[in-house]
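Novice: So the protein lines, in turn, are chains A and B.
Residues 1 to 882 (my numbering) are what the first sequence spells out, left to right.
Residues 1 to 882 (my numbering) are what the second sequence spells out, left to right.
I should point out that these hints are in silico values taken from the structure, not numbers from a laboratory.
One should not assume that every hint holds.
No distinction is drawn between identical chains; accordingly, a pair holds when it is met within one copy or between any pair of copies.
Claimed, not checked - The calculated BS3-like cross-link candidates involving lysine-lysine, where the alpha carbons are at most 27 Å apart (straight line), are: (1) Lys-879 with Lys-341; (2) Lys-834 with Lys-5; (3) Lys-706 with Lys-834; (4) Lys-652 with Lys-268; (5) Lys-830 with Lys-800; (6) Lys-80 with Lys-490.
Protein chains: 2
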Amino acid sequence: MSQTKQVYMFAEGNAEMKKLLGGKGANLAEMTRLGLPVPPGFVVTTTACNDFYIQGQTLTEEIKDQVSKALSLLEKETGKSLESQENPLLLSVRSGAYFSMPGMMDTILNLGLNDISVESLAAASGNRAFAMDCYRRLLQMYGDVVLKIDHYLFERVLDEVKKAYKVQKSQQLSLEGWDTIVARYKQIIEKESGKAFPQDPYEQLINSITAVFSSWNNQRAIVYRRLNQISDDLGTAVTIQAMVFGNMGDDSGSGVAFTRNPSTGEKKLYGEFLINAQGEDVVAGIRTPLPMSLLEEESPQIYKQFTDICDTLERHYREMQDIEFTIEKGRLFILQTRNGKRTAGAAVKVSVDLVEEGICTKEEALLRVDPSQLVQLLHQRIDPSLDLNPVAQGLPASPGAAWGKVVFDADLAERKNLEGEKVILVRSETTPDDIHGIVAAQGVLTSRGGMTSHAAVVARGMGKPCISGCEAIKIDFNASLFHVGERVIKEGEIISIDGTTGYVYIGEVPLIPPSLSEEFKLLLSWADDLRVLKVRANADTPRDARKAREFGAEGIGLCRTEHMFMEQDRLPVVQEMILAGTEEERRIPLSKLLPIQQGDFEQIFREMEGFPTTIRLLDPPLHEFLPNREELMIEVACLKERGERGPLLEEKEVLLKKVQNLHEFNPMLGHRGCRLGLVFPDIYRMQVRAICQAVAVLKDEGLEPKPEIMIPLVGDARELEVMREIVEDEAGSVARETGVEFSYSVGTMIELPRACVTAGQIAVHADFFSFGTNDLTQTTFGFSRDDAEGKFLPFYVQHKILPENPFVVLDREGVGNLVSQAVTLGREQKPGLKMGICGEHGGDPQSIEFCHLIGLNYVSCSPFRVAVARLAAAQAALKQST
Amino acid sequence: MSQTKQVYMFAEGNAEMKKLLGGKGANLAEMTRLGLPVPPGFVVTTTACNDFYIQGQTLTEEIKDQVSKALSLLEKETGKSLESQENPLLLSVRSGAYFSMPGMMDTILNLGLNDISVESLAAASGNRAFAMDCYRRLLQMYGDVVLKIDHYLFERVLDEVKKAYKVQKSQQLSLEGWDTIVARYKQIIEKESGKAFPQDPYEQLINSITAVFSSWNNQRAIVYRRLNQISDDLGTAVTIQAMVFGNMGDDSGSGVAFTRNPSTGEKKLYGEFLINAQGEDVVAGIRTPLPMSLLEEESPQIYKQFTDICDTLERHYREMQDIEFTIEKGRLFILQTRNGKRTAGAAVKVSVDLVEEGICTKEEALLRVDPSQLVQLLHQRIDPSLDLNPVAQGLPASPGAAWGKVVFDADLAERKNLEGEKVILVRSETTPDDIHGIVAAQGVLTSRGGMTSHAAVVARGMGKPCISGCEAIKIDFNASLFHVGERVIKEGEIISIDGTTGYVYIGEVPLIPPSLSEEFKLLLSWADDLRVLKVRANADTPRDARKAREFGAEGIGLCRTEHMFMEQDRLPVVQEMILAGTEEERRIPLSKLLPIQQGDFEQIFREMEGFPTTIRLLDPPLHEFLPNREELMIEVACLKERGERGPLLEEKEVLLKKVQNLHEFNPMLGHRGCRLGLVFPDIYRMQVRAICQAVAVLKDEGLEPKPEIMIPLVGDARELEVMREIVEDEAGSVARETGVEFSYSVGTMIELPRACVTAGQIAVHADFFSFGTNDLTQTTFGFSRDDAEGKFLPFYVQHKILPENPFVVLDREGVGNLVSQAVTLGREQKPGLKMGICGEHGGDPQSIEFCHLIGLNYVSCSPFRVAVARLAAAQAALKQST
């Protein structure tokens with residue numbers, strides 16, 4: 001047994017001692033050290049907890065001795081005494097570990113009360129009901145925590161007594177009622193534990209400390225620690241603090257206040273308080289609290305004292321604070337302070353203001369804004385102060401909110417939009433045929449499909465809200481309506497969707513417009529000064545490219561050429577190309593596509609002038625561009641059923657046959673990426689030619705396009721070697737034909753496990769690597785994202801089999817391990833090899849930190865996440881350097 | 001320039017000098033050294049070739065000098081002279097590199113002929129046409145190889161002259177015709193090269209050597225070397241040898257003979273020869289060759305000399321030989337010897353016989369039999385001596401051959417079989433509903449599906465021939481026929497299928513029964529003594545298990561429980577279980593399945609008494625057990641089309657809805673494996689209970705079952721940790737209920753890239769790893785096997801983008817790298833961790849070698865490949881130790 005100090009008065013500790021005093025104890029100590037009016041108290045340390053277990057779950061005499069000494073000091077400080085019947089010292093006893101374990105905390109309030117001292121409290125407060133209520137709470141908490149008596153037994157008695165006295169709320173009980181309750185509570189304790197409730201306050205204290213230490217190893221706590229990977233050796237501390245009461249009369253009260261406005265960030269005290277009430281009452285919302293300005297009017301001195309404390313705390317913690325306080329008989333006590341939660345907009349403003357006020361550094365400001373929150377500022381969103389009831393939840397496929405009339409058909413959506421109506425396109429899933437409908441709609445809601453479904457990808461690209469895979473929506477297209485639960489929503493009725501949360505609402509919901517403040521721009525400029533990673537955007541169209549530049553992207557990291565193929569006017573030509581059987585037959589449709597693609601590239605290069613543009617050659621399997629196979633099968637079957645024998649049937653059968661030929665069991669692992677380029681080199685050649693001809697046009701105008709041609713889905717070096725030869729051959733032809741000299745680079749997506757482990761060989765033929773972590777996550781885990789997110793992945797995250805959805809936060813152990821192997825092998829082969837990431841993880845802060853740590857050169861994300869990435873990249877650099 | 005020896009007489013070399021003399025030169029030297037009658041000659045070395053390139057593609061004086069000296073020796077030995085007009089020495093000049101590069105070799109025959117010496121050859125042979133033919137061949141070869149004149153020019157002249165003289169074959173030409181040809185050939189050379197054909201034989205020789213050296217770096221050779229990863233630095237040697245002619249009259253001839261019968265392995269000379277003919281004529285088959293026995297009758301002395309040489313060569317090379325010989329005017333010359341190609345049966349017999357005759361060691365015998373060939377001996381097969389025309393080719397999904405009447409329906413197949421008819425079941429693809437039809441059929445032919453399709457897997461398990469994905473077959477089920485090309489095959493017509501090659505034949509093809517000779521068993525017993533790897537079988541049924549033991553399997557490495565689910569009598573219960581919505585509703589069907597599964601396991605454990613049995617819990621996605629989704633969709637659509645509104649439609653719609661709910665975009669990456677076990681633990685618990693109850697029954701009888709419970713598709717340690725808890729909990733219940741103590745182990749398939757890189761953590765919870773290299777190959781490459789093998793993979797192999805189909809031969813660079821990482825990480829965590837492989841690679845010799853090298857404990861393969869694996873494992877051990 002150690003003979004070291006195991007009990008600390010608050011004044012002896014500080015914020016650094018969290019490991020020894022627990023989070024709660026250390027913070028109370030810190031405030032005490034600052035000279036703030038904290039109710040005095042002391043802490044029994046976590047090492048005492050460990051000793052407790054070493055000694056077979058008993059408190060040593062040494063600890064008891066130190067507790068007694070601390071108690072004496074506390075009594076001296078408060079002028080009260082635990083054992084006193086007239087002027088009793090009442091205590092709160094709380095557990096507090098190094099890591100916060102919400103819901104695991106055992107707490108006992110009002111400790112010290114007994115049959116006699118409760119009357120003293122009644123007298124002091126002038127409110128016997130209040131005193132009795134305190135006593136019965138102590139009895140229940142003590143019974144529950146110390147004696148393990150089911151709290152249901154106490155609650156039942158309370159209900160019975162209320163019923164007997166015919167009152168709804170316990171506040172309405174008569175004194176007689178309270179006496180009955182206290183008496184019956186004591187009976188429960190005696191009956192269940194075999195002993196009467198201890199009237200000796202010291203015995204109460206020692207038993208409570210013992211109980212809190214024991215609670216460290218209850219089943220609930222053990223499971224919680226295992227799930228959250230918290231070490232069992234840390235132990236919990238016990239904080240013992242003098243009780244203060246805000247409900248001792250009209251010169252008492254409790255409140256909660258933010259040092260700045262948590263909605264707007266404005267530098268003005270923001271909070272509310274209740275006279276003659278405890279803190280819980282403010283939170284519970286039974287009585288309407290008063291604004292802080294009233295406190296200023298009624299008690300200017302206390303208000304002044306409080307605002308001074310706010311300044312002190314802000315300067316001390318260098319951050320906006322959220323403070324709980326209580327006034328007991330005209331005396332102010334600070335119960336707790338913590339960094340204030342706030343909206344994204346407020347977070348940005350407060351952080352910038354604190355820097356400008358000299359309270360914190362730019363680095364601190366940058367670290368305190370949650371990058372993920374920034375996305376909110378770029379999209380229209382639902383007013384967060386509203387309390388709304390969603391009718392369904394789907395996948396949050398594209399952020400932002402919108403409302404409009406329900407429309408089930410893309411053509412109708414377009415028509416309504418032209419008529420000036422706002423519409424939400426509702427489909428089971430969308431296809432390229434629906435693109436004009438998506439363009440026309442405020443947002444998209446689909447009943448099927450995942451985060452990478454057509455609707456999701458297209459909507460994200462356009463920055464429109466989208467909810468996908470909302471299975472609660474049962475669409476009846478024939479009747480032009482959908483069912484959700486018991487409700488029926490007809491075409492033309494208004495709904496609202498929130499693509500950030502996946503919630504669907506009936507009717508129009510008030511929206512808040514996006515706001516890009518000066519503080520926002522300033523904060524990001526600081527981030528740009530500090531970050532090492534470059535930030536690019538994924539952009540497929542000139543429109544996306546412009547948006548990307550507006551948000552500060554330093555190039556395009558992924559331009560998906562297939563999205564150009566999907567546009568409504570091009571799709572028929574693409575289909576013509578696919579349905580052609582031979583290279584000869586493909587020639588005409590390809591020659592039609594060439595000028596279209598070239599035009600796209602010219603516009604994109606113009607938008608990106610001076611910045612690199614990574615263009616990925618055609619990636620998806622060809623059947624994605626053809627009509628739906630099942631629909632065709634049904635159509636043909638129905639035509640036959642009807643006895644139809646005409647040319648329509650014949651035509652459909654021919655089409656179906658082709659679609660069947662291209663059908664794949666697992667399209668994700670099928671004939672796509674460079675596998676298309678190798679088997680159909682003419683398609684890739686057309687694309688390379690379109691790129692190079694576009695480059696030549698711009699070079700002729702004196703501009704400097706920087707194309708990076710990216711070969712997708714390479715798994716073996718030889719694939720890239722052959723593709724590179726084809727690219728160089730075609731580029732050489734264009735250079736000869738146009739007489740323009742231009743440069744370009746050729747690289748590959750690293751998106752297959754095999755590419756990672758053979759990255760050394762692949763690097764021989766690559767000017768750059770771009771990690772496609774979406775597909776790499778799918779193949780590394782063997783998860784089809786479209787299937788997993790709707791089926792077992794929520795179960796996995798909920799049951800903590802996986803810590804996070806690996807499609808959102810990069811899985812460092814598995815996927816990240818493979819990425820690291822590829823970085824190492826690639827750079828061993830080619831030390832200066834440029835590397836980036838273009839999967840969706842490129843916009844996720846945790847993943848961006850990983851990209852920084854393994855030494856990537858850039859991340860690329862959707863235009864709307866560029867700001868997130870810029871800030872997250874700066875945070876990663878800052879964290880690494882500290 | 002080096003001054004070392006760069007020209008070797010044959011007598012100065014030996015077989016070890018392949019690097020210096022090339023393969024061809026070294027072998028001729030070796031035979032010369034053995035005192036065999038090889039036409040004499042010499043070799044210009046590969047180092048001379050390298051010097052040639054260092055000197056800017058010129059032959060140094062030093063080399064020319066050494067060539068002249070060797071030529072003098074050769075002239076002395078033959079008694080002829082290169083420059084002589086009366087008794088000219090004619091030469092062959094051939095390239096010969098260290099590695100054989102077929103089709104890359106440049107050859108010039110009859111070198112030394114000119115306008116004068118050709119007449120001496122005419123006189124010596126008594127056949128001027130022959131001599132002129134030799135001359136025109138020299139002109140063409142010299143023109144082609146040395147002067148790079150397009151050989152088409154010569155061929156056109158030959159055609160023109162034949163036409164002018166109205167003959168079909170050049171042999172029918174008159175002497176005048178030959179004169180015309182030679183004259184016009186010389187004109188071509190003069191016109192195209194600007195110089196007359198050199199009449200000086202020495203000039204011919206030097207130019208030819210130069211041309212052969214130059215050919216090392218022609219485009220064709222460079223590409224070939226790159227594709228076959230042969231170093232460019234090796235260079236080629238040039239072999240210069242005196243010509244011998246077997247067509248100099250009736251005392252001349254040529255032949256080819258095997259020292260033993262290549263079909264049966266019988267120890268008896270086997271070959272044929274032609275009188276008055278060159279070697280090419282024997283091969284070309286224009287004249288019918290004579291059996292060797294006739295040579296014995298006509299020239300007993302030469303025959304005796306030849307058989308002595310055969311013995312010498314067999315003893316020298318310790319292997320059956322395939323020998324080319326020529327008799328020039330009564331004198332025997334050996335032109336070439338090499339190890340004889342033979343059937344699998346002969347290979348086994350010859351190897352065992354050679355050991356028993358003391359000619360080679362057991363180790364050599366084991367290394368000389370190709371393990372893959374052994375499979376042939378276990379299945380009925382098509383007589384390889386027949387020359388048949390297949391009408392279509394599909395995927396070789398299950399080896400062996402069969403014939404029978406075409407049947408399109410499983411029920412009909414069963415009925416016909418009961419009537420004593422042999423049938424081949426022809427389907428677009430099979431489902432569990434067809435199992436009884438597969439049982440009844442001789443073999444299965446499907447027009448769709450890959451090597452892992454239902455038909456393929458089931459047929460392989462039953463050891464029946466199967467061809468899958470035969471897309472040339474267009475089935476019209478309504479008309480009960482299929483089209484293939486222009487032909488129509490109706491139900492009841494006979495076809496033959498060869499599941500080893502994938503070929504389909506019309507009509508009945510003669511079959512050879514399987515043969516397991518004593519030699520076969522002996523050879524395998526030697527293999528068993530030497531191998532380190534254990535060999536297990538993949539077996540799902542008691543029948544498979546028995547077969548596996550018969551073939552020598554030392555346990556079951558993979559017992560797929562879903563195949564038990566697929567049997568016709570169980571499927572309805574399985575479907576009932578799947579269609580149940582809740583755990584409660586699943587209880588009844590699961591309780592029906594429990595005794596069925598337990599019964600299966602009891603039988604399997606009995607068959608495997610004393611050997612371990614690895615049982616994989618349910619792996620495939622649940623929708624695999626349900627009716628086909630598309631068929632249901634069509635059925636429902638057609639019912640609606642007909643205006644049907646009854647309970648049938650309702651029932652189908654409910655079923656369809658369930659099937660739709662379970663539908664997955666990429667089932668390979670979907671809700672399967674332990675993902676099922678985690679979400680539906682009751683299913684896995686039922687299986688564990690069935691296993692444990694079966695074990696308890698056998699233990700009670702005094703038997704020793706050795707169950708190994710395998711959790712599939714683990715990607716994260718936590719999955720296995722949770723599953724292990726469930727297994728142990730259920731097994732504990734069974735132990736308590738039965739009162740029987742039993743032991744079992746719990747392990748996992750390693751079949752995902754993430755499992756490989758996190759194998760250290762997974763090993764914590766595993767008693768064994770079994771590498772599922774089928775799925776690991778799919779995820780590592782991002783290849784869906786079902787799609788890739790029908791689409792781009794053949795293109796990849798054909799164009800050498802990949803060296804082999806990675807589903808057949810384990811890809812060491814990628815998949816193997818991940819397997820190695822897992823082995824290292826797993827053993828670091830748990831040094832004695834048992835590891836095996838249960839993917840199809842477990843039956844492939846190259847892959848087995850890899851498994852041996854990385855230190856796995858066992859391989860597991862289909863029962864029919866156990867013999868292959870036993871031999872391959874021995875070879876791997878032998879190769880490593882040498």
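Novice: Each hint should be assessed against the structure and marked as holding or not.
Specialist: Hints and how they fare:
In this assembly of identical chains, the alpha carbons of Lys-879 and Lys-341 lie at most 27 Å apart only when taken from the same copy (21 Å versus 68 Å across copies). For the identical chains of this complex, Lys-834 and Lys-5 are neighbours neither inside a copy (56 Å) nor across copies (51 Å), given an alpha-carbon limit of 27 Å. When the C-alpha separation of Lys-706 and Lys-834 is checked against a cutoff of 27 Å, the pair qualifies only within one copy, where the shortest distance is 14 Å, while the shortest distance between copies is 54 Å. For the homomeric pair Lys-652 and Lys-268, neither the shortest alpha-carbon distance inside one copy (70 Å) nor that between copies (65 Å) is at most 27 Å.
For the homomeric pair Lys-830 and Lys-800, the shortest alpha-carbon distance between copies (25 Å) is at most 27 Å, but the shortest distance inside one copy (40 Å) is not. Proximity of Lys-80 and Lys-490 under a CA criterion of 27 Å is satisfied in neither setting, with 70 Å inside one chain copy and 106 Å between copies.
Hints 2, 4, 6 from the earlier list are contradicted by this structure; the remaining hints agree with it.
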